[in-house]
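2 protein chains.
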Amino acid sequence: MKHIAIIGYGVVGGGITAVIEENKAFIERMVGDCVNVKYILDLREFPDSPYGDRVVHDIETLIDDRDISVVCETMGGSHPAYEYSVALMRSGKSVVTSNKEVVASFGDELLRCAAENGVTYMFEASVGGGIPVIRPFTTSLAGDSIGKIDGILNGTTNYILTRMKESGCSFEEALSEAQTLGYAERNPTNDVDGIDSKRKIMILAALASGKLVDNDCAYAETMTKVSAADNKAAEKWGGAVKLVASAVIDHANDKLALYVCPQFVPFSCPLAHISDVYNGVMVNSPVTGDVMFYGRGAGRFPTAGAVVDDVCAILSGAAAAETTPVFEKTSRGAVPFAELKFEYYVRTRPESKSDALEFLNSTCGKVQVIDSEDSGVLEAIVGEANLDEIRHICDNIGAVESVIRVWKNA
Amino acid sequence: MKHIAIIGYGVVGGGITAVIEENKAFIERMVGDCVNVKYILDLREFPDSPYGDRVVHDIETLIDDRDISVVCETMGGSHPAYEYSVALMRSGKSVVTSNKEVVASFGDELLRCAAENGVTYMFEASVGGGIPVIRPFTTSLAGDSIGKIDGILNGTTNYILTRMKESGCSFEEALSEAQTLGYAERNPTNDVDGIDSKRKIMILAALASGKLVDNDCAYAETMTKVSAADNKAAEKWGGAVKLVASAVIDHANDKLALYVCPQFVPFSCPLAHISDVYNGVMVNSPVTGDVMFYGRGAGRFPTAGAVVDDVCAILSGAAAAETTPVFEKTSRGAVPFAELKFEYYVRTRPESKSDALEFLNSTCGKVQVIDSEDSGVLEAIVGEANLDEIRHICDNIGAVESVIRVWKNA
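In order, the protein sequence lines correspond to chains A and B. Its first residue numbered 6, the first sequence is counted upward by one per residue in my numbering. Its first residue numbered 6, the second sequence is counted upward by one per residue in my numbering.
Treat the hints as calculated values from the structure; they're not laboratory data. Treat the hints loosely; a few may be bogus.
One copy or two, it doesn't matter: identical chains are merged, so the pair holds either way.
Claimed, not checked - DMTMM-like, lysine to aspartate or glutamate: derived pairs with alpha carbons at most 20 Å apart:
id, residue 1, residue 2
1, 241, 171
2, 371, 219
3, 153, 27
4, 241, 26
5, 237, 178
6, 29, 255
7, 260, 221
8, 43, 72
9, 29, 259
10, 153, 389
Since the structure is predicted, the reported quantities are computational estimates derived from the model, not experimental observations.
The shape of chain A in the complex, shown without the other chains:
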């Protein structure tokens, strides 16, 4: 029998015990032995749970028990998740996590710590919930130089944008609905301001480039300003507004750009069709072209299932034979967001439409009018421009109501 432990018995932690019960036969076949949850470390007691007698409150209990070979860290947050993981790995235990914050902040150190102690640190569940995405990066796509990653990596915001599009409601109404359904937290900042998506794209970019950039080298922009009118304009243009996290990796010149912002995504890109709480990760590389991984990006069972997959990979020995990612914490080659050029969707109420159009035509390489029939409103795609340039453009075409970047293909 193989013994494991769980740290943090919340939504995901609770899912792990359920998945291990549900898929007992499959897991035994894969691992070659049955898997037992020996301890659950949590601040709380769970007297009504069949696992109530496994609950402990001191990390030392796990560290000191030589039976435990793998620990699932599903507590979230950087601290003490980081300190616990280091202590466990130093005592010879492998760690599997669903915690994107700790991986995005300390992934380099945690992977190094694992290597130094001859154990494994895995984090499939930290990005894309149950979608197998980390492993394809380290196995199937590992031989290929990935140049672009685009992901819808946050289910909450994608649900909000889907509802806004479908019902024509405002951001506030859609958020409130998402909160009622349990898809959004009471304080939705991490989701709606792109912080959660930023952590995930930092992790994916590190897998593809070896570089885990400093937090302030990746740009995140809120999606709270997206309006029903923007959604309508996107549809008319032939696409949808999505909160996309992007990584542009230039291996030859050792450059890397990471950004999360609302983007006009054309229907020709499969990300435009991802609705509700689903996630998608699209990867472009010279050999394979575009590949996309799609599925439920969050939720108790998909995320717990991904944790259990990693546990099985470690216990079966498969993980030991796979190439372990190495992350270097660095800002080297990080391109400032302000320098990146995009096309932009702009909605404005100019004093004179003809003057505004004349200005745009004389300033921008591209001007595509989406709508100018609605009285007083001018909607157009313009660009390409960097941050200074689009500001200059906006300053000169009247009262700007909306500016949203247009998604760029690899």
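Given the coordinates of chain A, assemble chain B onto it according to the supplied hints.
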């Protein structure tokens, strides 16, 4: 230095040497050594190729050379691919293939032969070209009991259906265009009659169930009868006509149904949005829910890249630690297609629309009229019905122009 060989220096085989050159640094890092193509077995000579001096014509040269540890079989067809693979594995060489025909026909024997000889048989490139799909089945999704697989597994037919939808042209016109572009072969039977898709769904179902069914236990229906009118009706209904290969796996009752046919796929299903030569494989399991893998399903580089991934997995030792699939050749539990119940799209020219509708309403559990305004035509979704029942329905509602199944969710 690790030595490999290629059998069949066609589109994919030629891609392998190109990918190995292109991704030399990555491959070396993964394998821990450089990889050399020592032999290319082909009937032809390639005097103009830089690999011309590696060309040999006798399989014995490969079998007798102890330097060769992995052979890439990219010749296609069942024979002599099967015999060559067996002989190579018996002489201690692992085999990697892109050949879906040989895997669908002899996968059980080839996997057993590999196990008996302590070598590896891998076939990532046989389904979905460059999309990592086989490995996720054997690693990430292995702990989960997959209940349904739906795939757009043939790029040629998806290109034809996309063109028909976009331009309103006929099947014949779209096929001719696909042939001009090199997407379809001069004899397109394997693609358009669903034979290629059937082989691929047989392989995926075997990975999920352990059962490689006999060829005649999987149903394949041609897509040549799909018309521009069907495409229009699907759009009006809220979806697209796709050639979908499906596997329904009932683990509890040991039942399995495999079928390939044109299906009305609703836009809520991501398969409906897959256009051009792209492929997608959607997998449903209780823990993970729906997951989809998407990408270029064919083509020189994606397919060759997948072969090279398998080669690297073997040479790095990763493959040895992964769970090897075991296929049992069997018809046990295979559900005859005639017994399966579907909803159907039906287009008919009834003598009396009201009589036809009255018949449908009295016979079918569901009748959803799509169009009855076009003079003489009645378009509706009806069902559910099995094969006998839908035949009976069609016999009673006038001149039927089209009958297409509606895609069922898991």
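To see whether the hints hold, each was checked on the structure:
1. Taking the shortest Cα distances, residue 241 and residue 171 sit within 20 Å of each other both inside one copy (14 Å) and across copies (18 Å).
2. Taking the shortest Cα distances, residue 371 and residue 219 never come within 20 Å of each other, neither inside one copy (34 Å) nor across copies (57 Å).
3. Taking identical chains as interchangeable, the C-alpha atoms of residue 153 and residue 27 lie at most 20 Å apart only when they sit on different chains, with a minimum of 18 Å there against 37 Å within one chain.
4. For the identical chains of this complex, residue 241 and residue 26 are neighbours neither inside a copy (49 Å) nor across copies (45 Å), given an alpha-carbon limit of 20 Å.
5. Within a single copy, residue 237 and residue 178 get their C-alpha atoms as close as 17 Å, which meets the 20 Å cut-off; across copies the closest is 35 Å, which misses it.
6. For the identical chains of this complex, residue 29 and residue 255 are inter-copy neighbours only, at 17 Å across copies versus 44 Å inside a copy, given an alpha-carbon limit of 20 Å.
7. Only within a single protomer do residue 260 and residue 221 lie at most 20 Å apart by alpha-carbon distance; the minimum there is 16 Å, versus 54 Å between protomers.
8. Taking the shortest alpha-carbon separations for residue 43 and residue 72, only the intra-copy value of 9 Å comes in at or below 20 Å, while the best inter-copy value is 48 Å.
9. In this assembly of identical chains, residue 29 and residue 259 lie within 20 Å of each other by CA distance solely across copies; the values are 18 Å between and 46 Å within a copy.
10. With identical chains, the CA atoms of residue 153 and residue 389 are at most 20 Å apart within one copy only, with a shortest distance of 19 Å there and 44 Å across copies.
Going through the hint list in order, the structure does not satisfy hints 2, 4.
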